[in-house]
Amino acid sequence: MERHSGSGAGSEPTTEQESWFVRPSAAGGMDPGVRNGAAAPQTKAVHEGAARNGTSAAEPVGHEVEQADAPETVPSGASGISRAANNGGADAQATAAAEPQAPAEAGETVGGIDAPLAAGPPPLPRRYGTPPATAEPAHREIGPDPLGLPIPGTPKAGPASAPPDHEESAEDTFGSRESADDGSLPARGPVAGERRFQDPFSQGGMVAADRPERAADPFNALDIREWFRDTRAPRTGAETGPAGGAFPIDPAAPSVPVPPARRRSARTTVARGVGEILVTLGLVILLFCVYQLFYTNIESNRAQAKIKNSLERGWKPAEQGPDAKPVGENFSGIGVGDAFALMHIPRLGRSWEKPIIEGVSLDELARGLGHYPDSAMPGKIGNFAVAGHRATHGEPFRNLNELRQGDVVIVETENNWYRYVIDSNQIVDPTDVEVVLPVPNQPGAKPTERLITLTTCNPRWASTERLIYWGHLDSVMSKAAGTPAELLG
Amino acid sequence: MYGWIWRHIPGHWLVKAIWAVTAILFVVWLLFEHVFPWIDPRLPFNNVTVDESGASALRAFGGGS
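As they're listed, the protein sequences go chains S and X.
Going by my numbering, the first sequence wraps up at 513, each residue one higher than the last.
Going by my numbering, the second sequence wraps up at 113, each residue one higher than the last.
A couple of the hints might just be wrong.
[What the hints assert, rightly or not] Label-pair ranges, simulated between beta-carbon atoms:
1) 373/S to 56/X: 48 to 58 Å
2) 302/S to 65/X: 22 to 32 Å
3) 92/X to 448/S: 22 to 32 Å
4) 63/X to 297/S: 37 to 47 Å
[Unchecked claim] Which stretches of chain S does chain X cover? Using the computed rule of at least three CB atoms under 8 Å from a CB of chain X, they are:
5) 311 to 320
6) 324 to 338
7) 370 to 380
8) 415 to 422
9) 453 to 459
10) 480 to 493
[Said to hold, decoys possible] Short derived list, chain X residues pointing at chain S, Cβ under 7 Å:
11) 70
12) 80
13) 82
14) 89
Since the hints were made in silico from the structure, they are not lab data.
We treat Cβ as the ideally placed atom computed from N, Cα and C, and that holds for glycine.
Use the sequences and the hints to build the structure in full.
The structure is reproduced here in structure tokens:
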């Protein structure tokens, strides 16, 4: 019953069947399967998996199918070795019985693989219940595989010679949707190819399959493959191909009915759908956090770097000596969205340098600091008012609250350094627009001073208030005359 | 939902997986490039100016230089 499948293209499955044998034990119906790994030092690995199943019945559901052929068995060999080690202390009698088998198998397998045992339900714990007891192991659910590579020389299957796929154990336990009971679908030629294709995935799983102690391992390869199992609509009888005449299939028959165990109630379906939607929403919200916390900053920093580059490239300071006088600038022709200056605040970092862009809409603020369009330009009489994000989008004013009285804010334009000194700060309501007036908080007053105002939100992640800093122009220095001492640090 | 989608992607599971990953990447791209930027301005911590439209408010107060 136990068939060995998956040997090389040229080898016959039947020869390998001999490598399996079941030895009824005198002691209490335990049927230890024995197998020898020729390459393994322990050639006497004893398998006692069947004993745990406790069922008698020569019921080869195919789960014990093992394969090991010389070119392919490196992984198998490894598992065989480990298994042998695990079972090292097993029944000596069984081992002795296994001895005669050793040479036969040694010829064709490198590492040992397990023993098929007499039976019982497949050791794989399955979510979908016990497999139907069928005498005929050969039927599979997975259809011809589009990627399947038929191996030349693989035996075209007749019902008798078809090697049962080890997949069957899984399929059976799943309760095959298409043919739970008929057991009539023989392995076909393409099947052999497909199984070949899946070999690398199946080996570990098969080892687990007849090792009950490992079968519960959710990460064994067989399980993983089941997750990705082909779930296309069940094939109809006509598609299953010739059955060698032994198992006539009505070509007109629609797909085989789904066994009841496979059906889900509507409530289950709805509950699952709702659950999936909720999980998806959670993931989307998580993604949004990633977007806000990281992605907007990345985008903004990229944009700022580009703006800084083009700004500095466009600047052509007048060539003058070290004692050059500041050049008067009129900032004409600056429209909303244009960058016209760089701000340096040494308190926020040696390299803290942000472009100032005309306009305070989110568009401008996403690319740097925004200049209130109706406020004064740097160095002019009035109030040079600038807003900046405190969270997300580059968050230039993230640590603005660290500014202290006397700290320096330097505005760099094409020709000059404008050096402002911070005087005071205040937390105000979002509607207190008077703070950016030419004379702050004095609507209508005629400005006489050159001031600077910085605004950002407060607290950092809310918009309930605004954090305001004021300062006055301390000095103006020509860029040709050098760099302010604060920036040389 | 996901099971339904998975069942409706044709092909071998490997092909399905490729399709699925592609679809996930597309959805993430859609979120990052269109959905999130649309939500973004509606969040509070974007308001860093005094008054939503600081410029016009300034004008209303006779501000500017």
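Inset, instruction - Starting from the hint list further up, note which numbers the structure goes against and sort them upward. - result: 4, 6, 7, 11 and 13
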